[in-house]
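Residue numbers (my numbering): 504 to 1299.
Some clues are possibly wrong.
30 Å max Cα-Cα, derived DSS-like pairs, lysine-lysine [to be verified]:
#: 1; residue 1: Lys-601; residue 2: Lys-840
#: 2; residue 1: Lys-659; residue 2: Lys-840
#: 3; residue 1: Lys-650; residue 2: Lys-914
#: 4; residue 1: Lys-728; residue 2: Lys-739
#: 5; residue 1: Lys-819; residue 2: Lys-1165
#: 6; residue 1: Lys-949; residue 2: Lys-590
#: 7; residue 1: Lys-914; residue 2: Lys-949
#: 8; residue 1: Lys-698; residue 2: Lys-739
#: 9; residue 1: Lys-601; residue 2: Lys-590
#: 10; residue 1: Lys-601; residue 2: Lys-949
#: 11; residue 1: Lys-1110; residue 2: Lys-1165
#: 12; residue 1: Lys-1130; residue 2: Lys-659
#: 13; residue 1: Lys-834; residue 2: Lys-863
No wet-lab data here; the hints were simulated from the structure.
It should be emphasised that the depicted structure is a prediction, and the values quoted were computed from it without experimental measurement.
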Amino acid sequence: MDDFFDIGEPIRPLASMASPAEVLRKDLERTMNPEQLNAVLNNQGPLLVLAGAGSGKTRVITHKIAWLVEAVGLMPWQILAVTFTNKAAAEMRERTEKLLGERAKDTWIGTFHSTGLRLLRRHAELVGRTRDFVVYDQDDRERLLGKVMKELNVDKEYLSPKKASYYIDDQAHLLRGPGHPELPMELPIDKTCAKVYAAYEDAKTRANAFDFSDLIVKTVQLFEKHPPVLSEWQYKWRYVMVDEFQDTDRAQSHLLRLLAGDAANLCVVGDDDQSSYRWRGADVRNILDFPDTFPGREVAVVRLERNYRSMGNILKAASSLIRRNTARHDKSLWTEKPAGELIRVFAAETEGGEARWVLKQLLDRRRAGTPLNEVAVFYRTHSQSRVFEDVLRMEALPYIVVGGLKFYERKEVKDVLAYLRLVHNPADDVALLRVIDSPPRGIGDKTLERVAELGSATGTSLFEAMELFAQSREGSRSRAAIERFRGQVQGLRVVAERNADALAVARAVLEDTGFADWIKKDTTLEGQGRRENVDELMLSIEEWRARNSDRSLTAFIDHVSLLTSLDQDARGQAVTLMTVHAAKGLEFDTVFVTGLEEEVFPHFNSKEEAALEEERRLAYVAITRGKERVYLSYARSRQRFGRTDVNMPSRFLGEIDPTVLKPESEFGGSRAFSGSAGWTHGATSRPSVRPDLSTLQGLAGRSTGGGWAASASKASSGSSASSASASRPSHGRSLDYADSQVGGGGGELVGRQVVHPRFGRGKVLKVEGNGEDARVTVKFPMVGEKTIIARFLQAV
DNA sequence: GCACGCATATTTTTT
DNA sequence: ATATGCGTGC
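Using the sequences provided together with the hints, build the complete structure.
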């Protein structure tokens, strides 16, 4: 198949009319720099494209696909393009469609995991599963591990399911299955892990399930054990392209090599400076050593070093930072863009002050005409999002938190999905255990234990064991309960068979199992939230159904299994809040990199040199997301765990070329950010730069002096306190918690009119707790009842 | 068997 | 501070 290609020369036009290939070539020559063009046109054998941040990488990949089709003559379905996230895959598909139109639909563009899933579905029987197998996520896996470890009598204190899960992932990334000779065996805990690993593997097989790692590892296994299958796919996929190659682990790069075969028409694109998944098994060596890994073959290397994204100063800041790393391909980005503004570095007292500063800059940007969806706030960990959410909500600015609370991970949502999975695959013990008491149906631990015993005695799934149990003469009450449950599931299976539509099955699940009635009965606020979530799930099934031609239960389950919260698309004009990890591959006009403190960013768990370099790469990724403006910020003290931590400014701040930075602080003036000497204790100093509080809604006419200075002086009391004091008008018409004694005689508040920045005016129905953190239930005319933390309300 | 209440760990990043 | 897990009482 090597000679399938005779590339480099476009197909000759038949007539004098320009062929699509010629048009494309002209277009490429006009719009691409020489390196990009080189990357697009080089199509024989292995190619490494070292694509610096903002160097037009996605453009190269999509145009390369177009070129392969238009000029080289490949059929779209002969191209495989792999990325890491669904989001990146979606963008690639979209942009390829712009170039190729409908034909792009035949190109397989997917994530590593979706590609693996697809292959495994096709050949399930060769890897010890039936085609109905399911995919276990982290949660399912830990449940199954818990079950397995219980059976093995492994003490959870000694080895937690979570630890076991990490262990399994570590081994899987190295392609070591259970029983592999290289599994660590020195310590007693290693032996326990190995034992658990083997038992877990068996349990997965019995449950007809794969976990995330399996999607890669078992695909590799499939290919290695069944060369004809591998040949089949190698023959189909003539060209393989990979994005974010720096984040591949050993199993993934091995899989790629298998797929590429002897022809090795494999193009990997990546940037070692942006590698950030070490903890997930990513091995930077995959990209660093790529040129040397094809014995006897020349590996072409193209470097994309021209940055089209960021202003000069931003690039300078990023480059000066990343230069501190040692393990990297040498390269230097350049741009023709002007230097642009200096990068402002803000020193706040508390994370609340940091958030308010970000908010102020954000409002300034909005006034200047920057659309909100071009603004992003980055932080190292999810938990940092909250303060920003608080201030944005106060200001009624729309925002999206990427990641964080994951819709598909909510309990009730997972419950419904577990029902679907169980209907689809009754051997799925994890799903069964999940739904068995939702709603409660009189099947308790005792009964379940007996069923489980039957199951392990006969080597069958719990569901099958239930049938045996029903035939036995065990206690009649539990037997009836089990029978009823089995009947429900069987009934649902009939629905599924009669009507293969996922939506119909989901509806039947809600009705027939009593799940809908059960959550309807719960009148608490959480219950209401749960109902809303289930409604939203049904809605999302409908949406999915409208978009897809394959509406089967299997298709839906696959779709959901691989979904992540990163996939929700930014709708409309909203500020984006996300972790730095989630930011990879994106760009924004304006970027805030927050929490630049030691212990936070770099993270306290990353002290070791290699880990620290990864943290630095993360900071590099963050900064290079910005097109026009980048703001950096840190807080002297930060709430964490309920405690107040005082941290030094991040070492990264000191590593950036100081000539592009413009330091400022909560109390005015500029200040060096090396060492704690930079800190003054704010209690006594009068703020010379106060945040522009007049911008906060409903604060016009507040007294000067008061709130801010007060909150600064008690900085350690935390974000909620300071944001409350900032938001509370100092006189008159506020919800004055202390005076109205919400806790004790809080009745006074009930019935009063209040205003919420987003929901508008409403009437207080109920107050729980006291002080600014009291939970106040308010009835709003438009949105109905909501429970809101007191500090976000204002009395009228 | 189930609901409620208290205690505990949890926070790095994700397919 | 919050979510989850475990124990106790109905």
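Where does the structure disagree with the numbered hints, that is, which hint numbers, in rising order? 2, 6, 8, 10, 12, 13
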